[in-house]
Amino acid sequence: MPFLTALVALVGAVCLLDLVLTLGVMRKLREHAAVLARSSAAGGADRPPMLPAGEVAAPFDAVDTAGEPVSRDALTGRTLVGFFSPSCDACTERMPGFLADAAAFPGGRDRVLAVIAAGEGEDASAYRDRLGGVARVVVEPHRTGIAKALAVRGLPTFCVLDETGRVVETGLPSDRSPVPA
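Using the UniProt record's numbering, the first residue of the sequence shown is number 1, and each one after it goes up by one.
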């Protein structure tokens with residue numbers, strides 16, 4: 001009989017612990033939902049990851065990894081632009097699609113721009129090496145330069161600019177290709 005009493009007490013203690021932990025998780029979920037609601041109310045969740053099509057990028061000036069100047073005013077035609085970060089898993093996943101689209105983009109490497117947003121201490125060399133074969137590469141701190149001019153708020157992000165710096169399309173060209181039935 002003492003064994004059965006101890007077992008019931010142990011099961012009761014485990015249930016009580018489970019109840020306390022469940023209540024803690026529920027409290028954290030409520031706090032998280034409130035943070036998301038505030039973010040959405042401030043336009044965070046519904047805002048696009050960059051300027052929408054039709055908007056014009058702010059003026060920007062940068063230097064690519066080959067030492068050549070890059071600016072909005074120097075665009076000579078439609079330009080495919082991709083934004084990446086070495087610390088972004090989604091960027092790594094989307095890289096092959098960008099590389100394929102960049103290789104097929106009219107105008108070649110001169111009409112493709114890859115912007116790597118690298119934080120302090122981040123090594124952008126692997127991205128720079130992979131992208132350098134198909135694009136002019138600019139490495140800049142997060143949310144500065146070209147990314148700031150295009151109001152980039154999420155990575156990876158892609159667009160096509162015209163010669164005036166107007167966003168013609170967002171996303172990758174291959175994302176818009178019809179899928180065979």
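Hints listed in this document are in silico derivations from the structure and should not be mistaken for laboratory results. Predicted model, so just to flag it, every value in this text is computed and none were measured. Check each hint, because a few of them may be wrong.
Said to hold, decoys possible - Quick list of the computed label-pair ranges, beta carbon to beta carbon: (1) Leu21 - Glu55: 39 to 49 Å; (2) Arg78 - His32: 35 to 45 Å; (3) Val63 - Asp175: 21 to 31 Å; (4) Arg78 - Gly154: 20 to 30 Å.
C-beta: ideal position from N, C-alpha, C; glycine also.
How the hints compare with the structure:
1. Leu21 - Glu55: 39 to 49 Å: 48 Å, holds
2. Arg78 - His32: 35 to 45 Å: Since the Cβ atoms of Arg78 and His32 sit about 42 Å apart, the hinted range of 35 to 45 Å holds.
3. Val63 - Asp175: 21 to 31 Å: 29 Å, holds
4. Arg78 - Gly154: 20 to 30 Å: With Cβ atoms ~23 Å apart, the hint holds.
Of the hints listed earlier, there is not a single one the structure fails to meet.
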